[in-house]
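A.B. asks: Heads up: the protein sequence lines correspond to chains A and P, in order.
Going by this note's numbering, 181 is the number at position 159 of the first sequence; the sequence numbering is gapless.
Going by this note's numbering, 310 is the number at position 196 of the second sequence; the sequence numbering is gapless.
Treat the hints with care, since some could be wrong.
The calculated DSS-like cross-link candidates involving lysine-lysine, where the alpha carbons are at most 27 Å apart (straight line), are [said to hold, decoys possible]: (1) P:K202 with A:K155; (2) A:K25 with P:K202; (3) P:K202 with P:K150; (4) P:K270 with P:K150; (5) P:K150 with A:K155; (6) P:K270 with A:K155.
Read the hints as simulated data drawn from the structure, not as lab findings.
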Amino acid sequence: MLKSLRLVIAVLVACVAAATGLSLTYAWTAPRIAEQDRLAEERSLQAVLPEADDFTQIDDPAVIEAATAAAEPTDLQGVYRATRGGVDEGWAVKVASRGYGGPMQLVIGLDTSGSVTGVSILAMNETPGLGTKVETEEWFMAQFMDLPPGFTDTDVRALDSISGSTRSAHGVRNGVAAAGRIFAEVLSVMEGGS
Amino acid sequence: MAEWFRTFRQGIAIENPLTVLMIGLCATLAVSTQLKNAVFMGLAVVFVITMSNVLVSVFRKHIPSEVRIPIFIVVIASFVTIVDLVMKAFVPSVYQVLGIWIPLIVVNCMILGRAEAFAYNNRPLLSIADGMGMGTGFWLVMVILAAIRELFGTGKIVWFGSTLIALPSGYEPPSLLLLFPGAFLVFGFMIAGSRWLNERSQARAEARACRR
Numbered sequence: 023m024l025k026s027l028r029l030v031i032a033v034l035v036a037c038v039a040a041a042t043g044l045s046l047t048y049a050w051t052a053p054r055i056a057e058q059d060r061l062a063e064e065r066s067l068q069a070v071l072p073e074a075d076d077f078t079q080i081d082d083p084a085v086i087e088a089a090t091a092a093a094e095p096t097d098l099q100g101v102y103r104a105t106r107g108g109v110d111e112g113w114a115v116k117v118a119s120r121g122y123g124g125p126m127q128l129v130i131g132l133d134t135s136g137s138v139t140g141v142s143i144l145a146m147n148e149t150p151g152l153g154t155k156v157e158t159e160e161w162f163m164a165q166f167m168d169l170p171p172g173f174t175d176t177d178v179r180a181l182d183s184i185s186g187s188t189r190s191a192h193g194v195r196n197g198v199a200a201a202g203r204i205f206a207e208v209l210s211v212m213e214g215g216s
Numbered sequence: 115m116a117e118w119f120r121t122f123r124q125g126i127a128i129e130n131p132l133t134v135l136m137i138g139l140c141a142t143l144a145v146s147t148q149l150k151n152a153v154f155m156g157l158a159v160v161f162v163i164t165m166s167n168v169l170v171s172v173f174r175k176h177i178p179s180e181v182r183i184p185i186f187i188v189v190i191a192s193f194v195t196i197v198d199l200v201m202k203a204f205v206p207s208v209y210q211v212l213g214i215w216i217p218l219i220v221v222n223c224m225i226l227g228r229a230e231a232f233a234y235n236n237r238p239l240l241s242i243a244d245g246m247g248m249g250t251g252f253w254l255v256m257v258i259l260a261a262i263r264e265l266f267g268t269g270k271i272v273w274f275g276s277t278l279i280a281l282p283s284g285y286e287p288p289s290l291l292l293l294f295p296g297a298f299l300v301f302g303f304m305i306a307g308s309r310w311l312n313e314r315s316q317a318r319a320e321a322r323a324c325r326r
């Protein structure tokens with residue numbers, strides 16, 4: 023009895039000490055991490071819509087719900103309204119799309135007519151040198167910019183993939199297709215309504 | 115002091131965790147596609163293994179052997195989480211590429227293995243030497259492996275956006291090197307190389323002993 027009590031106390035002390043250390047580290051790093059995340063997001067939004075000077079995240083639950091449904095099978099992480107001097111410049115859609123090495127976080131910029139202004143990869147875990155070609159092969163990203171306004175899944179599917187990194191390229195394509203669906207089903211309708 | 119250096123050197127050469135003990139291979143093969151990743155991943159491992167060795171060694175008399183493994187894991191996981199948070203806060207660009215491999219240091223058997231096999235039975239000072247030696251050995255092999263794979267697999271070595279070395283443009287990089295089979299091939303040659311070096315230095319040591 024005494025023996026097992028000693029074991030319990032030993033584990034308990036170790037856990038309490040570890041938790042204290044971790045919470046101190048967390049308290050110290052949390053503000054910096056939040057700041058870094060905010061900066062990274064801002065940079066990626068700016069990269070896909072260079073003309074815009076202000077981004078507001080849309081938090082209307084009805085819109086988010088509809089957009090999340092439209093984004094399936096990718097995972098919607100945020101929709102932003104981009105403006106320049108108060109005038110609508112377009113939209114930015116942040117989605118997590120499945121690549122080869124797990125989810126790829128993409129930000130897709132759309133102008134007010136629904137064509138792609140830019141695609142940037144916020145985070146990915148693709149194989150360096152193979153999957154990462156989606157970022158380094160310029161023609162691959164450029165072809166999304168040539169999609170017509172109000173493009174559909176069929177338009178996206180017709181684009182070229184990269185040999186050797188098919189799954190990663192599909193991840194990006196699915197993300198762009200999801201942004202197209204969100205625009206067609208939610209954003210363009212919402213604009214008409216307001 | 116001599117014992118300290120011997121323990122430290124043992125981790126790098128005679129008992130190198132990767133080429134001799136062959137533990138912790140999983141993360142090594144996955145991360146060693148780029149020199150930059152390997153350097154920072156290795157540093158994270160050096161920190162975690164040294165700190166966990168110190169802590170385990172200092173409290174070794176108070177850790178009941180029945181529950182030692184859970185306690186080791188708690189200690190290791192805490193240090194890994196600290197590295198994870200600090201990297202995220204101060205070097206986000208590196209954190210982004212290492213991603214899941216930092217949290218996975220927790221289950222790297224090399225660190226638990228050293229806590230169990232060395233730190234639990236040795237004095238703190240020697241445990242520091244063991245942690246640093248093992249960590250450095252791991253770091254060194256992973257960095258060399260990554261340099262070879264990146265240079266010959268992509269044709270150049272890139273460090274934070276600037277190209278360090280580039281092979282002539284006529285070179286067609288075989289992407290095999292960046293995949294797991296390539297990693298195993300290069301790693302096999304590195305094992306052979308390190309065995310050759312170890313045997314040679316042992317033979318020399320013996321020859322010196324005979325002459326005396």
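A.B. asks: Now tell me, hint by hint, if it's right for this structure.
C.D. replies: Here is what the structure says about each hint:
no., hint, result
1, P:K202 with A:K155, "holds, 25 Å"
2, A:K25 with P:K202, "violated, 42 Å"
3, P:K202 with P:K150, "holds, 16 Å"
4, P:K270 with P:K150, "holds, 12 Å"
5, P:K150 with A:K155, "holds, 18 Å"
6, P:K270 with A:K155, "holds, 15 Å"
Violated hint: 2 only; the structure is consistent with all others.
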